[in-house]
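Chains as they are written, first to last, in UniProt numbering: chain W, 1 to 861; chain E, 1 to 546.
Simulated from the structure, these hints should not be mistaken for lab results. Cβ atoms here follow ideal geometry from the backbone N, Cα and C, with glycine treated the same way. Among the hints, a few may not be true.
What the hints assert, rightly or not - Residues from chain E that face chain W, not an exhaustive set, calculated with beta carbons under 8 Å:
#1 Val7
#2 Gln8
#3 His60
#4 Ala62
#5 Val66
#6 Glu87
#7 Glu373
#8 Arg374
#9 Phe482
#10 Ile537
Stated by the list, open to error - Output of the computed footprint for chain W on chain E, the stretches with three or more beta carbons under 8 Å from beta carbons of chain W:
#11 11-23
#12 31-42
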Amino acid sequence: MGIGELDREAHVAEATSAGAAPRTLAEALRARGDEGLAALLRARPDLLSPVPNDLTQLATRAGTRGSVVRALERLDRFALQTAEALAVAPDPAPYPVLLALLTGDEGDPEIEAALPGAVALLREQALVWGEDDRLRLVRTARELLSPSPQHPSPTGLGPTVAEATAGMSPGRVQEIIATAGLPPTHDPVSAVAALTELFTDRARMGALLDEASPEALSVLDRLVWGPPYGEVTPNPAPPVQWLRDRGLLLPVSARTMVLPREVALHLRGGRAHRVPEPVAPVVGTARDYRPQVVDSAAAGQAHAALATVEELLKSWDQGGPQVLRAGGMSVRDLKRTAATLDVTEQLAAFWLELCFGAGLLASDGEADERYAPTPAYDDWLDLPPAERWARLVAPWLTATRTAGLVGGADAKGRTLAALGPDLDRAPAPEVRHRVLELLATLPPGAAADPGTLFARMRWERPLRGAAQAAPPRAPQTASGGPDDSTDPASDASLDLRSRLARWTLAEAELLGLTGRGALAGPARALLNLPLAEAATPADHGGRVELSVAAGRAATLLAPLLPEAVDHVLLQADLTAVAPGPLRRPLADALAVLADVESKGGATVYRFTPGSVRRALDSGRSASDLHDFLTAHSRTPVPQPLAYLIDDVARKHGHLRIGAASAYVRCDDDTVLGEILADRRSAALGLRRLAPTVLAAQTDPASLLDGLRAMGYAPAAESAEGDVLVTRADAYRTPARTAPVPVPDGPPAPDTTLLGAAVKAIRAGDRAATAVRKEPAAPATTGGLPRTSAAETLATVQAAALTGSAVWIGYVNAEGAASQRVIAPVRVEGGFVTGYDHTADEVRTYPLHRITGVAELADDQV
Amino acid sequence: MNGPLIVQSDKTLLLEVDHELAEACRRAIAPFAELERAPEHIHTYRVTPLGLWNARAAGHDAEQVVDALVEYSRYPVPHALLVDIAETMARYGRLTLSKHPTHGLVLTTTDRPVLEEILRSRKVQPLVGERIDPDTVVVHPSERGQIKQTLLKLGWPAEDLAGYVDGEAHRIDLAEDGWSLRPYQKQAVDGFWHGGSGVVVLPCGAGKTLVGAGAMAQAKATTLILVTNTVSARQWKHELVKRTSLTEDEIGEYSGTRKEIRPVTIATYQVLTTKRKGIYPHLELFDSRDWGLIVYDEVHLLPAPVFKFTADLQARRRLGLTATLVREDGRESDVFSLIGPKRFDAPWKEIEAQGYIAPADCVEVRVNLTDSERLAYATAEAEEKYRFCATTATKRKVTEALVKKFAGQQILVIGQYIDQLDELGEHLDAPVIKGETSNKERERLFDAFRNGEINVLVVSKVANFSIDLPEATVAIQVSGTFGSRQEEAQRLGRVLRPKADGHQAHFYSVVARDTIDQDFAAHRQRFLAEQGYAYRIVDADELMES
């Protein structure tokens with residue numbers, strides 16, 4: 001990159017002498033209004049933490065690699081293409097040059113219309129600065145986007161002629177010049193310039209290529225859209241030789257040739273990208289439904305979602321599965337949960353994460369750690385259905401945990417467990433929001449065509465998905481991401497963003513945010529808030545806003561949900577049908593008295609001796625049950641059902657079993673004889689104590705089970721001889737808070753913070769610029785120059801850029817102060833490396849030992 | 001939003017029968033949903049892939065199915081279910097079986113990957129021959145049934161366009177003098193004929209023989225009729241002679257005693273499945289004539305070897321007749337895939353409401369075991385337990401009381417255990433028909449019973465099926481084949497023939513309380529309870545007192 005560096009230095013030097021135009025990014029920022037600064041800080045909130053002291057520091061920070069990568073990731077495809085084009089354009093590039101790179105020689109009205117917006121966006125984000133006649137991409141962005149053999153450019157362009165010939169012998173260059181038919185010159189620089197000029201001249205280049213053989217042209221064809229590198233043998237075929245002789249291919253190493261950028265651009269008709277995409281793809285409509293159909297379908301699904309969550313947590317009422325030592329649920333428990341809910345494991349994971357995200361379930365934190373519903377679940381149960389729905393949907397929207405990953409493997413090949421660690425994906429809330437927003441752009445009732453929706457999502461953040469494919473906790477991989485994303489091959493596999501978008505569509509349907517693929521009314525209400533605030537729940541303002549929106553959505557949903565019924569239909573085949581969702585106390589009571597056979601809009605219950613016994617066990621008497629059924633049945637209680645209850649009740653409690661001594665007593669001594677005579681009772685270790693009492697060796701619970709297995713219906717008895725009532729206690733965790741989303745990067749600043757920050761930076765900047773002239777005075781007096789740390793850094797960085805020498809004050813490890821004149825070459829990691837004119841060698845100084853720095857007058861070098 | 005139908009997430013449909021739109025809704029969902037239960041208030045239908053494919057075969061498309069659900073549903077229909085229905089139905093017709101002018105039977109596809117997928121299956125490979133072109137493969141003609149069954153199991157049902165052979169023509173007409181087919185019988189015949197092959201489900205006593213006769217009159221071809229036993233075969237013959245233009249000479253009986261092959265031949269399952277030296281010598285009956293129609297009576301009893309052979313008869317029209325398509329071995333779907341889909345199904349209570357079968361009062365009588373019996377029951381071996389409680393002496397007393405109560409009416413006492421039946425016969429002074437009773441003796445006794453010479457008949461399970469005893473009004477069941485649902489229904493069927501005086505039929509099931517007899521009884525009653533027969537339960541003591 002040596003020549004490019006020289007090139008840039010020349011331009012910078014030129015710019016320095018130009019005067020009025022901004023010399024550096026800092027100056028460009030300084031020239032902005034407060035609004036412009038606020039816009040920058042809003043778009044790149046990472047620049048705000050901590051708030052920079054002044055504009056120089058802000059500009060420095062805006063040029064750091066991490067920040068630039070983050071900003072590039074947030075660009076849409078066209079802005080990114082614009083930046084990529086700038087990276088292969090001369091620096092600085094006038095606007096027409098940039099336009100030509102994007103449109104090619106033919107021109108394209110769409111691009112012409114879109115480009116000013118893209119440039120303005122890049123400028124706002126401080127990725128590009130300078131006036132239209134000299135647009136500059138910040139150096140880090142240029143390094144990230146410009147081509148090098150290690151990572152080919154997304155444009156597929158190779159290095160320029162000047163860069164590619166940098167290491168070539170002058171004699172070789174002369175040969176090329178001669179073969180290309182250019183007048184000979186002995187100066188290598190002018191030779192390269194002449195060659196460049198030839199390659200950029202469309203007419204002369206056309207004439208040159210007219211002489212090429214078809215084979216030679218097909219070689220060029222293969223390289224023109226990149227990658228521009230090709231392997232050659234030491235004695236290449238004649239067509240390659242022909243191209244090499246004329247400099248149309250230049251050697252990179254003994255076996256590799258490259259197509260110079262100018263030649264490729266000529267062959268491409270001047271275009272940097274094969275397919276510029278100036279306009280966002282439109283989200284298409286797959287099918288139109290009546291909005292009522294959509295709303296009712298969505299409401300049906302919302303109702304189903306509530307039922308599923310309730311069913312899930314009810315099944316964990318006595319305590320859920322164990323927490324794995326590494327966190328999360330075991331695969332077996334997930335399978336079991338899936339079977340309970342009668343859904344796939346993937347879906348079961350979704351419902352689990354939904355409950356977890358809403359704070360309805362958590363680990364109980366005991367030594368033997370298990371999952372269980374939280375106290376918040378009990379509160380949740382008492383809410384009206386629409387409210388319950390809102391409490392599920394609002395956390396889902398902002399959660400960074402993504403259920404879709406469950407079952408996949410992390411970077412180390414370990415399976416990601418449901419409710420386990422490493423499920424947070426920072427882009428998730430933004431993607432969810434954006435998908436729903438895009439759905440909202442369609443007219444009510446229109447179901448989006450997923451293909452176009454995903455295309456739009458990809459267009460909006462082309463780099464983001466690939467960059468975040470690895471978990472955010474592995475920063476190395478994450479920061480390495482953009483480089484990978486420039487590899488066109490990685491686009492083929494589905495990136496995280498697309499997967500997130502897919503999951504969002506599926507999950508929105510499950511939650512009843514969409515019905516039949518179209519956004520439902522309540523979901524529209526939920527979305528009625530700016531994205532930035534929703535994405536940062538830590539920000540208090542956003543939270544209130546979201547809960548208000550969720551409340552509005554719930555109000556809209558409430559009338560659409562099926563109304564709860566307070567009766568059932570009893571039938572002679574011992575079933576009861578609740579023709580709609582049952583009111584809670586009724587549903588709970590019935591769930592004890594009968595087994596659920598089928599769920600959905602209605603519920604079908606079946607009465608069995610077992611279920612009736614369960615009800616009797618829970619302390620209700622036969623007459624209670626009769627009254628209950630009569631009160632809640634629309635139809636007369638069928639005789640077989642009444643008989644079933646009486647029959648079970650008659651036997652129920654006939655046998656009594658003591659807990660303390662484990663005994664069986666029964667007024668009917670034949671029964672005891674019967675039990676004793678039964679061979680199956682042997683395991684229970686029974687012994688007749690009295691005609692009506694048996695003692696057992698086993699504990700009362702096994703005794704109960706054993707006798708029940710033998711077909712009896714014994715009741716447990718307390719020490720006082722009363723029947724023990726077995727009613728299930730609900731198991732809960734201690735009070736738990738829901739997991740807080742882990743957003744990517746710092747929160748978006750609000751207006752007040754932005755204003756304050758801008759003011760602070762301005763003030764700091766004024767102070768910094770005010771003292772700026774002072775170091776000049778001590779420089780002449782021979783004392784140590786003193787400047788602030790930020791000033792020092794900025795100055796040595798500028799010097800490194802321009803290659804100029806500076807005068808520094810330096811304190812060595814022993815505390816001895818000295819003055820030195822150095823030409824900084826590299827500034828990194830708190831060290832400045834440069835040629836020390838005083839010592840006449842290259843040295844490295846720690847920045848914190850430099851007391852100050854001053855520029856030299858030109859005659860001092 | 002106020003329809004009669006509730007769509008459940010497990011793909012059952014609940015139909016509220018008292019709703020004003022219930023009838024319209026029933027008609028709309030009948031083509032694709034199976035009626036599973038029909039108790040008094042809410043009927044349960046089930047949507048199965050088989051039902052959806054049958055609907056496709058009958059010319060309905062997914063849009064119609066979805067519309068029917070959405071139109072009548074009270075609550076929004078889950079989207080996943082609608083998608084699933086559309087996807088399931090779209091699987092039908094990707095493969096077709098048809099006749100190729102030069103290659104014979106071929107399997108063609110409109111979707112090449114499907115053909116690739118099924119050809120890779122190890123079960124399909126032996127059934128197909130050479131690949132004619134990328135979309136067509138030859139099928140061995142004898143494997144037509146087998147491949148259909150296999151493809152169905154793989155989830156890619158083939159549309160069978162290869163048609164039927166007409167068989168040897170033989171003139172058969174219904175002799176409708178003074179009677180005519182009932183409307184539902186006519187519907188059943190039409191439904192069957194339109195569909196080509198299939199199963200007709202009608203309650204016991206609703207006249208399935210006439211549906212068979214109607215189908216024969218449509219086919220006008222030589223017919224093979226498969227029945228459960230010889231008595232039943234004679235009844236078929238008798239009925240056919242009476243109701244059709246066929247004469248005695250045209251109808252042959254192929255049973256243990258006689259081996260006649262005539263234009264209409266009635267064979268028993270038993271003789272077909274007689275195995276000698278490892279082969280079934282009588283199965284060649286299927287090939288002995290160019291049959292135009294094969295009728296399977298009581299198709300739910302179809303024995304496994306006949307299953308296998310039926311698979312090879314796919315080019316002939318097949319009619320299955322049954323009252324209770326429940327098999328405790330769960331092979332209902334084999335019946336559907338080999339004989340054909342259900343073409344007609346009428347809930348029992350509906351036929352009863354039309355007056356074609358007698359209303360029945362079903363009662364479960366619970367008897368208590370005596371103390372000594374209880375002790376003995378508790379110590380009995382597991383396999384002896386049912387026999388012990390089912391044959392308790394108390395049952396005999398209850399049966400005697402019941403016989404006394406209905407004195408003068410025609411009473412059947414039905415049981416499982418011969419000892420018990422012999423004892424009952426002795427006490428009731430009634431003849432006993434059991435396995436060892438000769439056919440001649442059986443017919444004599446049945447005739448005497450029909451004529452009223454005998455009032456009480458004690459029968460074993462040989463009389464479970466197809467015994468036509470129109471005047472029986474009371475059936476007392478003392479024991480049965482464990483928890484068999486269809487046996488219970490068939491036994492009720494013995495008394496369901498409409499009575500001359502419009503009398504109600506009585507069905508008593510005597511059950512020992514607190515034993516597995518009671519558990520089995522509960523299971524046995526399930527089919528009838530689901531058909532809307534509400535059992536009353538009475539205590540034996542109450543009954544004896546009254």
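- Status of the hint placing Ile537 (chain E) at chain W (closest C-beta pair under 8 Å): Holds. Min distance 4 Å.
- Item | 8 Å C-beta test of the segment 11-23 of chain E against chain W, three or more residues | Contact hint for the segment 11-23 of chain E vs chain W: holds, 3 residues under 8 Å.
- Could you check if Phe482 (chain E) really has its C-beta closer than 8 Å to a C-beta on chain W? violated (17 Å)
- Message: A closest beta-carbon separation below 8 Å is what the hint needs, so does Ala62 (chain E) meet it against chain W?
- Response: Where the cut-off is 8 Å and the nearest Cβ of chain W is about 14 Å from Ala62 (chain E), the hint is violated.
- chain W contact restraint for Glu373 (chain E) - C-beta distance below 8 Å: Glu373 (chain E) check fails; min Cβ-Cβ to chain W is 11 Å, beyond 8 Å.
- Query: Does His60 (chain E) pass the interface check with chain W, least Cβ-Cβ distance below 8 Å?
  - Reply: violated (21 Å)
- Agreement of hint Val66 (chain E) with chain W interface, Cβ distance less than 8 Å: violated (11 Å)
- Item | Interface restraint verdict for Gln8 (chain E) against chain W (beta-carbon cut-off 8 Å) | Where the cut-off is 8 Å and the nearest Cβ of chain W is about 3 Å from Gln8 (chain E), the hint holds.
- For the hint on Arg374 (chain E), does the least C-beta distance to chain W fall short of 8 Å? With a closest approach of 6 Å, the Arg374 (chain E) hint holds.
- Query: Quick one, is the Glu87 (chain E) hint okay against chain W at 8 Å, beta carbons?
  - Reply: violated (15 Å)
- Item | Within 8 Å of chain W's CB atoms, at least three CB atoms from the segment 31-42 of chain E: coverage verdict | holds (count 5)
- Regarding the hint that Val7 (chain E) lies at the interface with chain W, is the smallest CB-CB distance below 8 Å? holds (6 Å)
Violated hints for the displayed structure, listed by number in ascending order: 3, 4, 5, 6, 7 and 9.
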